[in-house]
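> Could you put together the complete structure from these sequences and hints?
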Amino acid sequence: MPAKKTAPKTTRTTRTAAAKAATPRAKPAAPAKVRAARAAKAAAAAAKPAARPLKRTRRKSLVGNVIADRTPKTVIVEVMRQRSHPLYGKVIRLRKRYPTHDPNEDARLGDLVRIEEGRPFSATKRFRVAEILSRAGEAGAAATEVATAASALEELEGVTAVLPTKKDDEAAQVEEGQDEERS
Numbered sequence: 071m072p073a074k075k076t077a078p079k080t081t082r083t084t085r086t087a088a089a090k091a092a093t094p095r096a097k098p099a100a101p102a103k104v105r106a107a108r109a110a111k112a113a114a115a116a117a118k119p120a121a122r123p124l125k126r127t128r129r130k131s132l133v134g135n136v137i138a139d140r141t142p143k144t145v146i147v148e149v150m151r152q153r154s155h156p157l158y159g160k161v162i163r164l165r166k167r168y169p170t171h172d173p174n175e176d177a178r179l180g181d182l183v184r185i186e187e188g189r190p191f192s193a194t195k196r197f198r199v200a201e202i203l204s205r206a207g208e209a210g211a212a213a214t215e216v217a218t219a220a221s222a223l224e225e226l227e228g229v230t231a232v233l234p235t236k237k238d239d240e241a242a243q244v245e246e247g248q249d250e251e252r253s
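Take 71 as the starting number for the sequence shown in this note's numbering and just add one per residue.
Think of the hints as simulated: they come from the structure by calculation, not from any bench.
This structure is a prediction, so every number in the text was calculated from the model and none was measured.
Below, computed lysine-lysine pairings styled on DSSO-like, alpha-carbon distance capped at 30 Å:
(1) K166 x K130
(2) K143 x K130
(3) K166 x K143
(4) K195 x K130
Now the in silico label distances, taken between C-beta atoms and shown as ranges:
(5) R165 x R128: 20 to 26 Å
(6) D239 x S204: 37 to 43 Å
(7) R108 x R165: 56 to 62 Å
No residue lacks a Cβ here, since even glycine has one placed at the ideal position from N, Cα and C.
This is the structure we're talking about:
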């Protein structure tokens with residue numbers, strides 16, 4: 071049997087990046103108009119003053135109640151928000167708790183505070199206490215003060231007579247009807 075004649079096996083190798091860089095390729099010349107436009111852009115960029123400083127973005131501000139103040143320089147603030155259910159339309163109360171930095175340790179349990187977003191203060195804290203809107207227990211005291219002020223205004227205006235409720239009106243009418251029947 072004669073030996074089978076086969077063509078020698080050839081493999082194609084890809085050129086390495088170094089080999090590509092070593093052999094320069096001619097770049098097609100850009101049209102004169104394009105070259106002029108590029109030169110004008112470069113000149114305009116060089117003529118501009120230094121880059122403007124970055125504008126600070128508006129910090130997120132939230133209002134919530136302090137629900138925990140046990141850890142040093144940290145309070146947990148619970149922010150409540152409401153949204154309607156996408157399908158049924160029922161209003162749902164959503165709450166989210168934010169670990170908040172309180173450097174002066176002013177906020178106490180039950181206080182209403184405004185918190186602002188800021189730099190990371192720890193692994194979990196991204197907000198800080200901006201201001202304390204009302205102290206715990208002050209709302210109840212303020213409500214009684216408002217009630218006394220409202221009653222004082224009513225007395226000044228002469229509106230101190232209390233109107234009878236609907237039940238009282240109906241009971242009075244029934245009694246009048248019975249009195250008329252007897253006579």
